[in-house]
Amino acid sequence: MKHVAFSGRLIMVGCGSIGQGVLPLILRHIDLDPARITIVNADERGRVAAVDAGVRYVLSPLTRTNYRDVLAPLVGRGDFLLNLSVDVSSVALIEFCREVGALYLDTCVEPWAGGYTDTSLTASQRSNYGLRESALAVAARHSGGPTALITHGANPGLVSHFVKQALLNLSSDTGLTVDVPNTRSGWAALAQRLSVKVIHIAERDTQVANIPKQRDEFVNTWSVDGFVGEGCQPAELGWGTHETVWPADARRHDFGSDAAIYLERPGASTRVRTWTPLEGPFHGFLITHNESISIADYYTVKEGGTVTYRPTVHYAYHPADDAVLSVHELAGKNWQMQARTRLMMDEIISGTDELGVLLMGHERGAYWYGSRLSIEEARELAPNNNATSLQVTATVMAGIIWAMENPECGVVEPDAIDYERILAIARPYLGEVVGVYSDWTPLDDRGRLFAEPVDAASPWLFGNFRVT
948 MKHVAFSGRL IMVGCGSIGQ GVLPLILRHI DLDPARITIV NADERGRVAA
998 VDAGVRYVLS PLTRTNYRDV LAPLVGRGDF LLNLSVDVSS VALIEFCREV
1048 GALYLDTCVE PWAGGYTDTS LTASQRSNYG LRESALAVAA RHSGGPTALI
1098 THGANPGLVS HFVKQALLNL SSDTGLTVDV PNTRSGWAAL AQRLSVKVIH
1148 IAERDTQVAN IPKQRDEFVN TWSVDGFVGE GCQPAELGWG THETVWPADA
1198 RRHDFGSDAA IYLERPGAST RVRTWTPLEG PFHGFLITHN ESISIADYYT
1248 VKEGGTVTYR PTVHYAYHPA DDAVLSVHEL AGKNWQMQAR TRLMMDEIIS
1298 GTDELGVLLM GHERGAYWYG SRLSIEEARE LAPNNNATSL QVTATVMAGI
1348 IWAMENPECG VVEPDAIDYE RILAIARPYL GEVVGVYSDW TPLDDRGRLF
1398 AEPVDAASPW LFGNFRVT
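Numbering-wise (this note's numbering), the sequence shown opens with residue 948 and increments by one.
What the hints contain is simulated information worked out from the structure, not anything from laboratory work.
Just so it is clear, CB atoms sit at the ideal spot from N, CA and C, and this is done for glycine as well.
Any given hint could turn out to be false.
[Unchecked claim] Taking lysine to aspartate or glutamate pairs in the EDC-like style, the calculated list, with each CA pair at most 16 Å apart, reads:
no. : residue 1 : residue 2
1   : Lys1280   : Glu1164
2   : Lys949    : Glu1352
3   : Lys1280   : Asp1163
4   : Lys949    : Asp980
5   : Lys949    : Asp978
6   : Lys1249   : Asp1205
[Claimed, not checked] Pairwise CB distance ranges (calculated):
no. : residue 1 : residue 2 : range
7   : Gly1251   : Gly1279   : 27 to 35 Å
8   : Phe1229   : Thr1188   : 43 to 51 Å
9   : Thr1188   : Leu1006   : 49 to 57 Å
10  : Pro981    : Val1381   : 32 to 40 Å
11  : Arg1162   : Thr1121   : 45 to 53 Å
12  : Asp1293   : Val1383   : 30 to 38 Å
Sequences and hints are given; from them, build the entire structure.
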């Protein structure tokens, strides 16, 4: 079905795995003439998909010095700029869209090329916390105006909507009668009332290809550049008020909301214990993501200016096994990129991406709610996608539709928008969406081989995760 009609132009910046995957969904669900779509990309990836769809393709890498000249003839009042690029500043494009009166959506707050690993910047400045604050500063300078929905992919993005649905499910299952909150403070009060102490974005990707990873090659089921960029950023997490154990290399930020901390190590070198229903317990990489900060910030409760409740929130990611091997090789090269990269797509022969939110600390123990999408289902549902990319592209498409339906909301994060509308649009592409309870905690089987100094009375403390 067509969810919305759009009379403006749509300009897509970047056309990698997500751009190629979302294009057919846009044409399927938005009443928009393909002739009014233009793709601006830094390389030839995506040209075939563009030609097949009948949309214009412009080969022009965007830089600090040329982005306005390239975009000015293409983007004007009432148009939509969809930013799916890497190495292009999200803040610069948001500001540009506000000036010309265009709508905007991205899947992460991206810096200019080199921003993730520029050691002339402090770790705090090149963190997702710092990037998020730079985007929120645009909102502070310009209230209202054209909608700019930031960080709205699968995660960040979809998982923020999963959290709200999971809280309502948990309320119902524990016999707590509540009205659906309609304010930020109402949602935070509900999480506090349920005693949710920790929220993992817990993901296990089991997709396997018939072409194994080769030496000096980085393989992944979604953007290699995107994964390596965020994996080299400092490990970050929202820091809960229940925490009593301070990680040795943890640091606070001296600006912004103070909802999160970072560790002085790359996220792709840091592992944490987590759990999903199909996989069970596993080690995930503590990869920095915007939702680790925005969810912790959104569910903060304050009394008289003092923070009285905040959950610990972080991403725990086990990518496809060949991607894990790629990360190990990357780390062994002291984070210098391999000579070759490969996006796993047609060569995938089996596997599922299990992506959800794991809420812990409440009276039912642990509750995982999310999407289980197999490669077979993904291929049946949409072209140009695997299981991982479709969870992203479906949510990007849903976010575009929401922004078109709500064009004057200013700069806004996923946590603050209509979760029901997004889930209704995206859900047909998410495979099996389920909620599963467990009595698992990060202390299960700890100290089995060697004694470990952990506090069994406080199983939800981040310090008990013993980052490795």
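Review point. Regarding Thr1188 and Leu1006, is the given constraint of 49 to 57 Å on their beta-carbon distance met?
Key: Because 50 Å falls inside the window, the suggested range holds.
Point to revise | Val1383 and Asp1293 - C-beta distance against the hinted 30 to 38 Å | key: holds (32 Å)
Check your understanding: Holds or violated: Lys949 with Asp978, Cα cutoff 16 Å?
Key -> holds (6 Å)
Practice item. Kindly confirm whether 27 to 35 Å is satisfied by the beta carbon distance between Gly1251 and Gly1279. Key: With Cβ atoms ~51 Å apart, the hint is violated.
Check your understanding: Is Lys1280 within 16 Å of Asp1163, Cα to Cα?
Key -> holds (10 Å)
Review point. Is the Cα-Cα distance between Lys1280 and Glu1164 16 Å or less?
Key: Holds, at roughly 12 Å.
Review point. Phe1229 and Thr1188, beta-carbon distance inside 43 to 51 Å?
Key: Given a distance of about 27 Å, which is not inside 43 to 51 Å, the answer is violated.
Exercise for review: Would you mind confirming whether the straight-line C-alpha gap from Lys949 to Asp980 stays at or under 16 Å?
Suggested key: Judged against 16 Å, a Cα distance of about 12 Å means the pair holds.
Practice item. May I ask you to test the hint 45 to 53 Å on the CB atoms belonging to Arg1162 and Thr1121? Key: holds (52 Å)
Review point. Is it true that the CA of Lys949 sits at most 16 Å from the CA of Glu1352?
Key: holds (13 Å)
Check your understanding: Does the Cβ-Cβ separation between Pro981 and Val1381 fall within 32 to 40 Å?
Key -> holds (36 Å)
Check your understanding: Taking only the CA atoms, is the gap from Lys1249 to Asp1205 under or equal to 16 Å?
Key -> Given that 16 Å is the threshold and the Cα spacing comes to 13 Å, the pair holds.
The structure is inconsistent with the numbered hints 7, 8, although it conforms to all the rest.
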